[in-house]
Amino acid sequence: MPREAEPSLNERQFILQALQENLRLDGREFDQYRPLELTFGDQYGVADVTLGKTRVLAKASAEVTVPYVDRPLDGIFNIATELSPMASPAFEVGRPTETEVLISRLLEKTVRRSGALDTESLCLVAGQKVWSVRVDVHVLSHDGNLIDAACFAVVSALRHFRKPDTSMESGILTVYTPAEREPVALSWLHSPFCVTWSYFGDEGEIALLDATWREEQVRAGSCTISLNRHGEICQIAKLGGTPVEAVTLLQCTNTALTKVQEFSAFLDRKLAEDIKRRDKGGLMAELSAENDR
Amino acid sequence: MPITITAPKAVRPSYATADNASDDSGSDSSSDNGADLEGDIPMTSSSRRKEDKSYSIVTPGEVITDDPQWMRGHGTYVSASTAAIVSSVAGTITRTNKLLSVRPLRARYTPEVGDLVVGRIVEVQAKRWRVDVGGSQLASLPLSAINLPGGILRKRTETDELQIRTFFAEGDLLVAEVQQLFSDGGAVLHTRSLKYGKLRNGVFVAVSGMGGGGGVVRSRRQVWTMEAANGAGPLDVVLGVNGFVWISKHVETPEALVAETKSATTGITNLEESVSTTMYSSQNDRIGIETMREIARIRGVVTALVENGLRVDEDMLVRGYHEAVEMALLSGGGADDIYLGGERGEQLAAALTGV
Amino acid sequence: MPLDTSAYSLALLRVDGRRWNELRRIHAQIRTQAAADGSSYLEMGHTKVMCVVTGPSEPGPRRGTTGGAAAGASKAAAEVAVSVVVAGFSSVDRKKRGRGDKRNLELQSTISNALAASLHTHLFPHSVIQVSLHVLSQDGSLLAALINAATLACVDAGIPMTDYVVACTAGSTSTYAAGDESADPLLDLNHQEEQELPGLTVATLGETDRVAVLVCESRVQVGRLEGMLAVGVDGCKQVREILDRVVREKGKRMVLEGTVVKGEGLEDMDLD
Amino acid sequence: MATEHPLVLPGDTIDPSLIPTHKKQPLRLGPGLRHVPPSTILPTVAGQLVTDLRKNSMWVEYNGGRYIPSQGDLVIGQVARSATDLYFVTITPYTANASLPHLSFEGASKKTRPQLLPGALVYARVTLANRHMDPELECVSATTGKAEGLGPLAGGMAFDVSLGLARRLLMARSREEGGVEVLEQLGAEGLAFETAVGRNGRVWVGSDSPKTVVLVGRALTETDEKALGVEQQRKLVKKLIREMR
Numbered sequence: 001m002p003r004e005a006e007p008s009l010n011e012r013q014f015i016l017q018a019l020q021e022n023l024r025l026d027g028r029e030f031d032q033y034r035p036l037e038l039t040f041g042d043q044y045g046v047a048d049v050t051l052g053k054t055r056v057l058a059k060a061s062a063e064v065t066v067p068y069v070d071r072p073l074d075g076i077f078n079i080a081t082e083l084s085p086m087a088s089p090a091f092e093v094g095r096p097t098e099t100e101v102l103i104s105r106l107l108e109k110t111v112r113r114s115g116a117l118d119t120e121s122l123c124l125v126a127g128q129k130v131w132s133v134r135v136d137v138h139v140l141s142h143d144g145n146l147i148d149a150a151c152f153a154v155v156s157a158l159r160h161f162r163k164p165d166t167s168m169e170s171g172i173l174t175v176y177t178p179a180e181r182e183p184v185a186l187s188w189l190h191s192p193f194c195v196t197w198s199y200f201g202d203e204g205e206i207a208l209l210d211a212t213w214r215e216e217q218v219r220a221g222s223c224t225i226s227l228n229r230h231g232e233i234c235q236i237a238k239l240g241g242t243p244v245e246a247v248t249l250l251q252c253t254n255t256a257l258t259k260v261q262e263f264s265a266f267l268d269r270k271l272a273e274d275i276k277r278r279d280k281g282g283l284m285a286e287l288s289a290e291n292d293r
Numbered sequence: 001m002p003i004t005i006t007a008p009k010a011v012r013p014s015y016a017t018a019d020n021a022s023d024d025s026g027s028d029s030s031s032d033n034g035a036d037l038e039g040d041i042p043m044t045s046s047s048r049r050k051e052d053k054s055y056s057i058v059t060p061g062e063v064i065t066d067d068p069q070w071m072r073g074h075g076t077y078v079s080a081s082t083a084a085i086v087s088s089v090a091g092t093i094t095r096t097n098k099l100l101s102v103r104p105l106r107a108r109y110t111p112e113v114g115d116l117v118v119g120r121i122v123e124v125q126a127k128r129w130r131v132d133v134g135g136s137q138l139a140s141l142p143l144s145a146i147n148l149p150g151g152i153l154r155k156r157t158e159t160d161e162l163q164i165r166t167f168f169a170e171g172d173l174l175v176a177e178v179q180q181l182f183s184d185g186g187a188v189l190h191t192r193s194l195k196y197g198k199l200r201n202g203v204f205v206a207v208s209g210m211g212g213g214g215g216v217v218r219s220r221r222q223v224w225t226m227e228a229a230n231g232a233g234p235l236d237v238v239l240g241v242n243g244f245v246w247i248s249k250h251v252e253t254p255e256a257l258v259a260e261t262k263s264a265t266t267g268i269t270n271l272e273e274s275v276s277t278t279m280y281s282s283q284n285d286r287i288g289i290e291t292m293r294e295i296a297r298i299r300g301v302v303t304a305l306v307e308n309g310l311r312v313d314e315d316m317l318v319r320g321y322h323e324a325v326e327m328a329l330l331s332g333g334g335a336d337d338i339y340l341g342g343e344r345g346e347q348l349a350a351a352l353t354g355v
Numbered sequence: 001m002p003l004d005t006s007a008y009s010l011a012l013l014r015v016d017g018r019r020w021n022e023l024r025r026i027h028a029q030i031r032t033q034a035a036a037d038g039s040s041y042l043e044m045g046h047t048k049v050m051c052v053v054t055g056p057s058e059p060g061p062r063r064g065t066t067g068g069a070a071a072g073a074s075k076a077a078a079e080v081a082v083s084v085v086v087a088g089f090s091s092v093d094r095k096k097r098g099r100g101d102k103r104n105l106e107l108q109s110t111i112s113n114a115l116a117a118s119l120h121t122h123l124f125p126h127s128v129i130q131v132s133l134h135v136l137s138q139d140g141s142l143l144a145a146l147i148n149a150a151t152l153a154c155v156d157a158g159i160p161m162t163d164y165v166v167a168c169t170a171g172s173t174s175t176y177a178a179g180d181e182s183a184d185p186l187l188d189l190n191h192q193e194e195q196e197l198p199g200l201t202v203a204t205l206g207e208t209d210r211v212a213v214l215v216c217e218s219r220v221q222v223g224r225l226e227g228m229l230a231v232g233v234d235g236c237k238q239v240r241e242i243l244d245r246v247v248r249e250k251g252k253r254m255v256l257e258g259t260v261v262k263g264e265g266l267e268d269m270d271l272d
Numbered sequence: 001m002a003t004e005h006p007l008v009l010p011g012d013t014i015d016p017s018l019i020p021t022h023k024k025q026p027l028r029l030g031p032g033l034r035h036v037p038p039s040t041i042l043p044t045v046a047g048q049l050v051t052d053l054r055k056n057s058m059w060v061e062y063n064g065g066r067y068i069p070s071q072g073d074l075v076i077g078q079v080a081r082s083a084t085d086l087y088f089v090t091i092t093p094y095t096a097n098a099s100l101p102h103l104s105f106e107g108a109s110k111k112t113r114p115q116l117l118p119g120a121l122v123y124a125r126v127t128l129a130n131r132h133m134d135p136e137l138e139c140v141s142a143t144t145g146k147a148e149g150l151g152p153l154a155g156g157m158a159f160d161v162s163l164g165l166a167r168r169l170l171m172a173r174s175r176e177e178g179g180v181e182v183l184e185q186l187g188a189e190g191l192a193f194e195t196a197v198g199r200n201g202r203v204w205v206g207s208d209s210p211k212t213v214v215l216v217g218r219a220l221t222e223t224d225e226k227a228l229g230v231e232q233q234r235k236l237v238k239k240l241i242r243e244m245r
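Chains as they are written, first to last, in the UniProt record's numbering: chain A, 1 to 293; chain B, 1 to 355; chain C, 1 to 272; chain D, 1 to 245.
I should point out that these hints are in silico values taken from the structure, not numbers from a laboratory.
None of these values were measured; they are calculated from a predicted model.
Positions of the beta carbon are idealized from the N, C-alpha and C atoms, including for glycine.
Take these hints with a grain of salt, some might be off.
A short, non-exhaustive set of chain D residues, derived as facing chain A with CB atoms under 10 Å [stated by the list, open to error]: (1) 76; (2) 204; (3) 214.
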């Protein structure tokens with residue numbers, strides 16, 4: 001396995017020394033994110049998220065399958081994470097690294113277990129036919145804070161996604177092509193976002209948001225907090241690392257909430273823009289024109 | 001690997017307050033022999049220390065002292081915020097002048113220069129062997145640090161490097177001395193004395209060593225020859241400081257041989273030839289059945305001592321051995337009865353501590 | 001909802017009869033396995049785990065463990081390699097979890113990182129501390145029990161550490177949606193409570209308020225966090241007390257038996 | 001610049017008028033060009049074709065790719081580990097380490113030699129580079145026995161830049177030829193710092209004040225990423241200085 005390129009002693013010391021003096025290498029504030037950008041693809045359900053030099057692509061897709069035997073009324077929802085050598089030479093195909101496992105667990109806990117997607121609404125015929133929704137997460141470029149970027153991409157992709165419309169008439173299930181009927185959005189309950197704090201110093205007294213890859217390599221510990229804008233914690237993961245004062249963690253959670261609200265607003269705005277863009281002289285315009293009459 | 005999970009003790013509310021609990025535990029643990037011993041131990045505890053402190057057991061995270069006059073030794077660290085000396089292991093406090101250290105109740109062996117150790121070769125490299133001595137790292141034994149056959153003063157040659165396996169191969173046991181330590185804790189061994197070298201004609205037991213806790217302790221003599229009972233002849237015992245023990249049939253030491261042959265005015269080169277032929281032999285000599293039995297008995301004593309939490313040193317082992325011989329005679333089996341496990345072991349330990 | 005929470009509001013007693021701030025019975029032993037460098041057995045209620053620590057020792061061939069995965073031979077500090085084996089019979093539904101199970105990997109990595117932050121690994125370069133944990137029975141608070149058992153085994157193995165890493169769980173009687181301010185925090189959740197109520201696992205460094213591990217896997221109002229965290233941290237202090245007593249008793253017995261030379265008290269030294 | 005240095009792609013035919021002709025000196029081909037006998041010259045990389053009439057040489061300037069050591073280059077390496085008589089030094093990650101003998105420092109002898117821990121940075125010159133052997137480095141001039149600025153780099157911070165910028169920074173007249181002036185401008189603003197530029201795309205910046213180091217680092221990386229011209233660099237420096245105050 002190719003080894004991760006380790007930062008030199010000079011870099012390690014300097015980053016810590018600068019942090020002690022309230023300085024980050026890229027001149028950001030401690031609780032400031034790098035510029036977050038989101039672009040939707042032409043297809044429904046493709047979200048391309050860039051956070052500084054970190055870039056994550058998520059694509060949602062759906063197909064009709066047979067449900068699991070023990071959950072006949074629930075649709076299937078999966079998140080597949082792939083860290084390929086494209087993101088960093090230290091990643092290998094086919095052999096999940098610890099990072100990859102932890103990211104996929106976090107996404108799973110944040111989005112799937114928190115019930116963001118109403119899986120019951122994916123059921124078509126109880127025990128026989130359900131929608132299986134899958135999100136594939138591809139990390140295209142890795143410059144730290146993969147988790148926040150990936151989570152944002154997954155939620156954006158799912159919110160943007162439209163699955164084909166279906167109808168049930170006298171026991172016959174029809175799945176319509178997009179040409180026949182406008183695809184429908186998923187039944188979405190709430191939008192959780194991850195906010196990752198990185199801790200530095202012997203006692204974890206310095207807390208940074210959105211650490212770059214260099215900073216991540218030097219950090220003493222991290223804590224990922226997932227929240228939605230209603231102030232519900234979906235998941236907290238501080239998996240070891242330097243112990244941090246409990247009070248600091250509470251403050252971090254509160255700051256995370258404001259960040260999540262910003263994310264939420266940003267995503268809503270982007271989604272609205274996208275709808276407008278798709279709408280140009282489209283179906284919606286026609287329909288509204290008809291209504292006017 | 002034996003699993004000994006004893007039945008849980010009588011349910012006692014774990015969430016009781018600390019005061020209650022320490023009272024509880026006091027009577028709890030000292031129920032067998034602790035109660036009567038308690039009086040013998042001077043209760044020096046000051047008011048702010050808990051009852052446990054009279055045994056001077058410290059546990060990780062416990063502040064030993066915040067007095068700046070002390071220096072921290074092994075098993076302690078200095079707290080960054082308060083500059084107090086804090087214990088980092090569970091063990092007993094020792095002090096050397098102004099140096100405070102904590103000897104752990106048990107730990108892996110940490111080599112020190114001059115230690116006599118028994119080790120096992122695990123890897124043969126181009127110019128050295130890697131030896132497992134039970135420490136956190138493998139020790140190394142350079143080719144230049146052994147006695148080469150054909151004269152102790154001979155220089156090492158390339159031929160020796162090529163036939164390095166003929167001296168020691170993987171799995172061989174040896175007794176050696178720690179010659180040098182690296183800053184990272186790695187040890188370098190040497191066997192440049194006739195009392196060191198390859199081990200044969202005996203049996204190996206591993207107990208815990210000088211890292212802390214029971215088992216072998218550093219003492220005046222780590223190696224001795226003892227007369228065995230039941231006509232077995234003399235036996236050699238090597239107590240490696242690292243907790244590895246070797247018990248073998250006594251063979252005339254090369255030094256003795258040297259002395260003998262010298263008196264017989266044989267040429268010295270001739271003698272060394274004869275020494276070297278046996279020095280790196282991996283072939284056992286013929287060992288009589290009585291000798292084997294007594295070797296096994298000593299091994300039984302060693303394990304019984306360890307199982308019952310007693311230290312292993314010359315005094316304990318010799319006394320334990322005699323006790324074991326007695327016990328065997330008293331039991332029905334006679335000299336052939338060498339079993340010292342279970343109750344027998346406890347009996348033996350009781351007899352030893354009772355004195 | 002099988003868990004009847006209505007009883008709680010009446011008698012303030014939980015399903016197993018505990019009050020909100022009570023731990024379950026914790027029983028712990030150290031040095032359970034003679035052949036290991038360090039070992040422990042720990043029960044938190046009906047959650048039972050065993051731990052064996054080998055090392056620090058030279059890294060050998062290993063499998064099924066996670067730790068600093070990119071560790072090379074030239075590491076300046078010891079690597080803490082943790083493996084967790086969940087026995088198939090440990091829970092009600094006899095489900096076998098494979099080695100590659102992501103939840104298991106996450107557990108291992110969490111324990112490894114938590115221990116590594118407290119253990120003085122820099123004292124043992126080029127070596128590995130192998131921690132093997134076996135889950136014999138599960139009744140909630142699994143991660144907490146694993147961390148406690150691993151800490152005890154490391155203490156038994158005589159590996160220097162800053163302080164015990166102790167863990168317990170905390171929960172809340174509120175459901176995630178309800179913003180009821182009257183919800184009580186609960187200490188040390190059992191399996192049933194873990195299934196039904198929001199909860200978190202918290203591990204602290206000894207008696208301090210410094211949190212090494214904080215894992216929350218259920219939806220809960222942000223306002224509930226503070227209460228739960230406070231109860232959890234307090235529970236950790238209680239757990240530390242209990243674990244410390246176990247270690248002290250073992251040490252005391254060793255002193256009495258003469259295995260360990262009695263330490264020199266500091267009392268007489270205070271004079272000079 | 002673009003007009004005098006035309007863009008070439010691999011396999012392009014080069015306009016004969018661009019090939020310098022000199023009466024006495026033979027034509028010298030630099031990186032990115034290949035001679036196909038009898039008289040064809042083909043670019044092998046995409047970049048700008050640069051010619052030097054005086055030296056009768058030509059080469060292709062390109063920005064990117066992985067650094068390939070060549071003899072005489074100054075590089076910033078990172079000590080990977082120490083062997084009995086040499087250090088293994090990483091020049092670029094994920095490639096074979098170069099070797100740097102313990103004695104190849106100024107005034108180094110068997111007893112006095114710099115003790116470098118894994119991860120330490122050194123400024124070194126490549127003494128051996130060919131495609132069949134691992135590269136070798138030195139931190140002392142073999143002829144004079146002096147360090148000439150080479151050696152271990154203490155403190156400071158290393159920044160990653162593109163190979164092109166590193167090469168431009170190393171030019172004797174970096175402003176005129178390379179179009180980088182950012183360091184001079186920062187110096188002119190009254191900042192006190194020192195730099196070491198490695199051809200392998202690393203720039204080391206040292207200063208007593210971490211603020212200055214961060215500022216210089218940001219100026220460099222931004223110049224690099226946004227391919228700023230001299231004028232824009234000036235603006236950037238002004239902006240950064242203002243922000244800092």
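message: Min Cβ distance, residue 214 of chain D to chain A: is it shorter than 10 Å?
response: Result: holds, 5 Å to nearest chain A Cβ.
message: Does the closest beta carbon of chain A sit nearer than 10 Å to the beta carbon of residue 76 of chain D?
response: Interface hint status for residue 76 of chain D: holds (9 Å vs cutoff 10 Å).
field: Interface hint for residue 204 of chain D, Cβ within 10 Å of any Cβ on chain A
entry: The hint holds - residue 204 of chain D has a Cβ within 10 Å of chain A, the shortest such distance being about 7 Å.
Consistency note: the structure conflicts with none of the earlier hints.
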